[in-house]
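Enquirer: Chains as they are written, first to last, in UniProt numbering: chain A, 1 to 499; chain B, 1 to 499; chain C, 1 to 499; chain D, 1 to 499.
Since the hints were made in silico from the structure, they are not lab data.
Some clues are possibly wrong.
[To be verified] Which residues of chain D face chain C? A few of them, derived with a C-beta cut under 7 Å, are:
id : residue
1  : G122
2  : E123
3  : S125
4  : I148
5  : E149
6  : G151
7  : F154
8  : S157
9  : A168
10 : R169
11 : M171
[What the hints assert, rightly or not] Covered stretches of chain D, going by a simulated chain A footprint (3 or more residues, C-beta under 8 Å):
id : region
12 : 44 to 51
13 : 271 to 280
14 : 360 to 373
Glycine included, every Cβ here is placed at the ideal spot set by N, Cα and C.
4 protein chains.
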Amino acid sequence: MRNASHPAPAKSLPSHPFDPDDDKLKEECGVFGVVGVSQASNFIALGLHALQHRGQEAGGVVTYDSTTGFNQARRMGLVRDNFTSAETLALLPGNIGIGHVRYSTAGSKGQTAIRDVQPFFGEFSMGGAAIAHNGNITNAVALRRELIERGSIFQSSSDSECIIHLMARSMGRTIPDRMEEALRKVEGAFSVVAMTRSKLIGCRDPLGVRPLVLGQLGDGWVLASETCALDIVGADFIREIEPGEMLVISAEDGVQSHFPFRRRKSRFCIFEHVYFSRPDSSLGGRSVYETREAIGRELAKEAPVDADLVCPVPDSGTPAAIGYSLESGIPFAMGIVRNQYMGRTFIEPSEQIRNMGVRLKLNVNRALIQGKRVILVDDSVVRGTTSQKIKEMILEAGAASVHFRIASPPTVWPCFYGVDTPEREKLLAARMTEAEMTAHLGVDSLKFISLDGLYRAVGEPGGRDPKSPQYCDACFSGDYPIVPSDKIEAGFKTKEPAE
Amino acid sequence: MRNASHPAPAKSLPSHPFDPDDDKLKEECGVFGVVGVSQASNFIALGLHALQHRGQEAGGVVTYDSTTGFNQARRMGLVRDNFTSAETLALLPGNIGIGHVRYSTAGSKGQTAIRDVQPFFGEFSMGGAAIAHNGNITNAVALRRELIERGSIFQSSSDSECIIHLMARSMGRTIPDRMEEALRKVEGAFSVVAMTRSKLIGCRDPLGVRPLVLGQLGDGWVLASETCALDIVGADFIREIEPGEMLVISAEDGVQSHFPFRRRKSRFCIFEHVYFSRPDSSLGGRSVYETREAIGRELAKEAPVDADLVCPVPDSGTPAAIGYSLESGIPFAMGIVRNQYMGRTFIEPSEQIRNMGVRLKLNVNRALIQGKRVILVDDSVVRGTTSQKIKEMILEAGAASVHFRIASPPTVWPCFYGVDTPEREKLLAARMTEAEMTAHLGVDSLKFISLDGLYRAVGEPGGRDPKSPQYCDACFSGDYPIVPSDKIEAGFKTKEPAE
Amino acid sequence: MRNASHPAPAKSLPSHPFDPDDDKLKEECGVFGVVGVSQASNFIALGLHALQHRGQEAGGVVTYDSTTGFNQARRMGLVRDNFTSAETLALLPGNIGIGHVRYSTAGSKGQTAIRDVQPFFGEFSMGGAAIAHNGNITNAVALRRELIERGSIFQSSSDSECIIHLMARSMGRTIPDRMEEALRKVEGAFSVVAMTRSKLIGCRDPLGVRPLVLGQLGDGWVLASETCALDIVGADFIREIEPGEMLVISAEDGVQSHFPFRRRKSRFCIFEHVYFSRPDSSLGGRSVYETREAIGRELAKEAPVDADLVCPVPDSGTPAAIGYSLESGIPFAMGIVRNQYMGRTFIEPSEQIRNMGVRLKLNVNRALIQGKRVILVDDSVVRGTTSQKIKEMILEAGAASVHFRIASPPTVWPCFYGVDTPEREKLLAARMTEAEMTAHLGVDSLKFISLDGLYRAVGEPGGRDPKSPQYCDACFSGDYPIVPSDKIEAGFKTKEPAE
Amino acid sequence: MRNASHPAPAKSLPSHPFDPDDDKLKEECGVFGVVGVSQASNFIALGLHALQHRGQEAGGVVTYDSTTGFNQARRMGLVRDNFTSAETLALLPGNIGIGHVRYSTAGSKGQTAIRDVQPFFGEFSMGGAAIAHNGNITNAVALRRELIERGSIFQSSSDSECIIHLMARSMGRTIPDRMEEALRKVEGAFSVVAMTRSKLIGCRDPLGVRPLVLGQLGDGWVLASETCALDIVGADFIREIEPGEMLVISAEDGVQSHFPFRRRKSRFCIFEHVYFSRPDSSLGGRSVYETREAIGRELAKEAPVDADLVCPVPDSGTPAAIGYSLESGIPFAMGIVRNQYMGRTFIEPSEQIRNMGVRLKLNVNRALIQGKRVILVDDSVVRGTTSQKIKEMILEAGAASVHFRIASPPTVWPCFYGVDTPEREKLLAARMTEAEMTAHLGVDSLKFISLDGLYRAVGEPGGRDPKSPQYCDACFSGDYPIVPSDKIEAGFKTKEPAE
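Isolated chain A (complex conformation):
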């Protein structure tokens, strides 16, 4: 059902065609939970703010307080605009709560309705529970069909709502039991935070595709998608939740861990290193920033070129560009400047203005670029639309030559594990070879890091183990560690098995 209640986004004009952020893969969610602190909603607001890069379209918070019961707020837009007023926070009392930020899917996919915003809440005979989910359930269509047939009423179009309905139909005696039972029926990638009146629950799927970390905050506990959300609330990082692990945490009993699923080898999303996670978060004990710098160094080794300047495509290309510069000795420079006052949308310029070359988010440092041979470092190429525009800007500013260096291998397969990817035929690298892309973009050279190079940079000195890859790299390799069954039912063709 389409929801017309919140037409606010309709007022803002469509985002400008040349929005460099439009041509990225998008992480679809960030989650945060806390127990054992006073005024939990304050911490959740801060934590979600730190995770805003994982989802800008909407956010939701649920808290529990013994006087008012469960309290919920769900809003379209940024955390800073929705969850910062004393008025709102006062409506969310309690010492336990969870929150969620959600990615803005592109126009063609339809606007998110407020009823699709997580956390989802359900009342069970033993009490209420709320759940928020980062990832994607790959058998959600089938589960939903079956649940509806048996009498469940879905309130959203979200795959995550299946979990709460599975819990409702479970015969488990406690909510954690029901959640375990529900998650065992679910396929896909999931990092879940959930809550009851007194317990905070965290769980990662058996492959650990999406991140989830545990922190300590005084006597309380925090779960979050990334460590940067621990930093913002001043929590100490304890450890990453393990793949297939479920934590049940309460103020009284602390952290209880168990492993409800069959143990399997981890397949963490390698793209979290490349783009999704914030550079100041830590993954596997190393800062994401350093990993990206290492990717840039690796890229400089694999794809050197003689030039005057190494410029990042801001902001995400910056660490890799620094690494490339350090390795190659070619000076690093901010040849492209990002307007920090840019919102997510802006005036759709009239035809006339557009043809004059409007640059809303990015501007070239003309005087700097003029006559120079420029290496542009970007994290990835998706549709290639941004790369094309940036090349035009750089050449129009008088660069002598333009060399693209990409800090990830060619993106040739869609992700079905909680990332918004264009259809395969829209992925530039799925349609062209590197040489064709170079010609198509009209640049002097274009090189991607190799998949082995990327593995080396993220800390696998031997590169990728083709028998049993250490990461999920399906977007590069087409090697899907979890069968995307709903998609296959809908006609998606996986890679021909190599003979």
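Given chain A, put chains B, C and D in place with the hints provided.
Expert: Leaving out everything else, chains B, C and D in the frame of chain A:
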């Protein structure tokens, strides 16, 4: 679960203690549906506007269009503020739809969350359906408990949501079949409008406690709580839906009627005649205005008094005051004036201002009242707070004497059939005799119409049939035609049976 | 200059063509001032709310507090929506202040910009002053031209801003002196309230065209356009300000009166009795309600007709209809019902809906009207558009005959003294005789009260003194007591002098 | 007069104490004008967006169209939030217009009222004119006093409004003549854009303290504070307006230049190079980015130190940090990460949360910093509050040592030429020596670039000419090229003349 998403009402200050509308019984809902017209949402907006007196807190609309599917908008506030923009109506395309307005419950009962706003929607294996309900389900607590135990997830705290879950669990092959099955499990008073992709459905409970009428609009059909909502869209009044009748209406097949419940004698709510319905609506072929005038005439016969002026407590007391004046020959006058720019809330005056006698909604016509013996005609006395304040205003303006005449019998029992009534101990007439009330209010006289007098005025020349009353008059008599089972479970004590 | 800063009204759709309130003369302003009370802004908000009928488009408040200086708030919309929050009132501290409500001029005249909203403020060498004005300056165009030539910068398009610029250029030593000097240069009708840091000033033009009353509130003083604004704050009515009188009021020295202008015979606006003032206000010691009832009685004497019901066109025709009923003995009935939830604008229905006969603000009580001979009493006929629609509604509901009785003489001349009147050619009575209007409207009869009858009803037993009329009745007689010089310069032709 | 009309900012909580942007000097304005293009308001919105860093509190636009006349919109907040809707831009038609963005002054200075937002408009006998101003009038208090004495009514508290009143009182025959006359009476720093119905006017004060550039856009012309605003609309940079030059530009006659003031040696603000201008703007033919990199190189030469990493305080310290790294050979790294979703305000954390070390805008890259000797490069030290907090963050993350390097000399004097500076006693460097500051901040070392070093870096190889400095550097030197007469009258003490 409390919903913090829509704190807008929190900005407006609490309603002034002397708000004459606060001390009324409140009808809790109005419903409207239409099929077979283009731009159904336009008609629904108009119809709900005409029914706004039945619920001012929130409104909702669902329409269906083959391109966009089911579309929904639910908003806190008045129809005129929420459903009048071309932007909103454009988001609600289609030739079929239903709508609902909802009463604003008092602060102590907690704010309505947006998720409690009807219509409710459910997706079934044979397609979607939406439902809106006027009335109250008296076994909702028990039904809800059972449904939750069996795995249903409730999204609201509304009793009406039970119906959609019962439908989801029904094995009926069509949506009307499922609705029939669901309504047979439901006890209470209900006038329901519902819709599928192509069918508009209307149904009244077996006693027909709440009203529902059918109208024709060109080739299309309209269901509405009152005839005034037919007038506003230019529809012709066809007939009232009969107690226990279900209509299934489509553009192709017109109106199909059947009676899914055991036939019983009608017990229409007599208070619809006294206060709830709009004076320009028709009930049983007579305008509500004329009925109220007749009540005033009856009251003048039962409770005459020598005086100079008959003044209504505006606006609801006006027709009865005119009737009293016509019968008694004492001139009718607007001694109290209502500020037409009053919203539902206003500044909470500081203590200082309050003590000076602020009058926000009502003002006395001092020059007119001065030295006069005044009969004040009001429709009912609930807590008695308003009566007291009005008496003070009138005396302070210099009236020689004040006589209250009330166009309904003493309200001594709460209503459990879709009306918001204070607890029994808050009802003035439940605590005092007529003489005690006269003394308590400090007026020269106070008289209520008798229950038989009221029955005569509404068209029962023989008065009330005590064996088998023609109307539901539980609020006056304590004679509840439907057992309020949830309330009894919660401790409510019904009247001792007369021996 | 057109101001695009406040496009809020653009969101609401244009007012419905059949808005009975559109076809009225409109008083353009209401003023209120208070000194010597704590939290003056609370009183001003209440007072302006009581005067809302004199202007619904915008409101403004200025207060002075020794800590924060002069504080101002000006807003588009109703008092209840803009001046009721504790937040807003806290921004308006102080024990002295003035306020203004402003009429919504029709679309063709262009939207009021926020900068046209009064009070106007000016900083002079001896301190600041604010001023609010009800009326119209008939030589404003000439004054403005001259002031601009001499270097004044106008910030608004309002005629009232001239006063503050004339004060700025005055050599007077005190602000009251400067105001006196300014007002002596001004022609037209004006009831002004103004304030300095410690003084509240009130002044009426020499003819006293517009009303202004003085009240006492504890140790403080109130000025207001009507007595209903004294009632709402609990102030005692002291007296009307006299024509040509200026009051300078302070908490310390009380009320000082003087008469800065040449004394002339009063010419109070007779239309205040007919329509502008609220029925619960007093004018000349009698309630406006009673005067209107007397007009109805006079009308019944002058224009009797045999009928079954006397119905008011609500709400303004009600008192005259009651008078007509009392005099004629024909029963009074509310045959037309007004929707109390109507805002100022509503959905512009599509062509299709309009043709079906949508009735947003008014609905006929069909069952009551059916087969009856109906007398409709309205206060005035301006363009005649409303009368036509109401007649159609009444006949379509089955009335046997329709007789219009109008509680004022034919409106044939525009008002230039602070009332919004259509151009002369749009006034129905300026284009047609009574017989022609009867035919044009298609009613069974149409009668206006005579000018002498109106004078008798307002308390002049000898009727109008043609040599020296007791009231300003220019809209009926074309006899303009103040030469409308700007209008004449712009081409307006006054009545040929009777020979 | 305080204006309570726009309390919107009151809803957002006060900015967090640790907002690194709070401890900066703030440019107070940016201006933009265009003539000879269709839909001028589109270009103005884009241009103001590019200049948003020069003022984030409010923006205003005036355009002229022969049908609608002058049109104005003024709003609190960012350009992207206020001037991007088709609705707003449609209210601003025309081929000529000007715009202004305004800095948010700190709380202690009081909130900007909407009436203080530029452009200002005045109607003269020969037509209207609007004016927008970047800079500050140093004799505004005296001018204002005199103008009020002679009868001018000021509508704002802005110094810039003097110009329009001086124009109103001028006897000049044309608007450019009047503007010339007005500007000759004005002392201070000003870059002005103004407009009549057909002419765009630009003017810089005789010393050229603030920037202003001319661009060409097809057949039209653009004036803007910086070249980045030419880039965004696709205009070609033509040249900088010269100090003391006035341009009168029309679509018909092109650009007319003259010099109304006595010619003097230029004293451009050197801080535009350091911080105010955007890095992608050009000043004097060189990109600001390169100049800042040169400042960093100079700083590395003047103040070397042995360390592991050079980290910028983001974002403004980045180019200088890169320069420092390139010169010193110490690797550049993003040790501090800025949250790009930060708005201007955020939740005021409760005491508890604050003490836990909340970091809303900035976060340290802990894993990167741990155990490292870190050089932090910032553009300036104002109060020193940010430096202190950043040092704490870095040390708490485990840095081995912290060395501050500042890309400007110590800021010891306030600016009176259009920059918001704290009072002298709040400037850290005015109270302490470098050694005292090092101790106060608790860092291992702290070094500022020398004034001569800064001059060298901005392109004066011989350093500062003490006899006749090439720039305005009053904030560093106390050498005020324009006497701040209002401030001196108010008690400000300038530097003792060196003997």
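Enquirer: Return the status of the interface hint for G122 of chain D: holds when the least beta-carbon distance to chain C is below 7 Å, violated otherwise.
Expert: 4 Å, holds
Enquirer: Count the residues of the region 44 to 51 of chain D whose CB lies closer than 8 Å to any CB of chain A, then report whether that count reaches three.
Expert: holds (count 4)
Enquirer: Against chain C, is M171 of chain D within 7 Å by beta-carbon distance?
Expert: 10 Å, violated
Enquirer: Is the hint on G151 of chain D kept, meaning its closest Cβ partner in chain C is under 7 Å away?
Expert: 4 Å, holds
Enquirer: Hint I148 of chain D vs chain C: min CB-CB distance below 7 Å?
Expert: Check passed: Cβ of I148 of chain D comes within 6 Å of chain C, closer than 7 Å.
Enquirer: With a cut-off of 7 Å on the beta carbons, see whether F154 of chain D makes it to chain C.
Expert: 6 Å, holds
Enquirer: Holds or violated: is there a CB of chain C closer than 7 Å to the CB of A168 of chain D?
Expert: 4 Å, holds
Enquirer: How about the region 271 to 280 of chain D: do at least three of its residues have a C-beta closer than 8 Å to a C-beta of chain A?
Expert: Contact hint for the region 271 to 280 of chain D vs chain A: holds, 3 residues under 8 Å.
Enquirer: Quick one, is the E123 of chain D hint okay against chain C at 7 Å, beta carbons?
Expert: 6 Å, holds
Enquirer: Hey, does the R169 of chain D contact hint survive, CB to chain C under 7 Å?
Expert: 4 Å, holds
Enquirer: Taking a Cβ-to-Cβ distance below 8 Å as contact, does the region 360 to 373 of chain D have at least three residues touching chain A?
Expert: That given contact holds, which follows from 7 residues of the region 360 to 373 of chain D lying within Cβ reach (below 8 Å) of chain A.
Enquirer: Can the hint on S157 of chain D be confirmed by a CB-to-CB distance to chain C that is less than 7 Å?
Expert: 10 Å, violated
Hint compliance for this structure: hints 8 and 11 are not met, and every other hint is.
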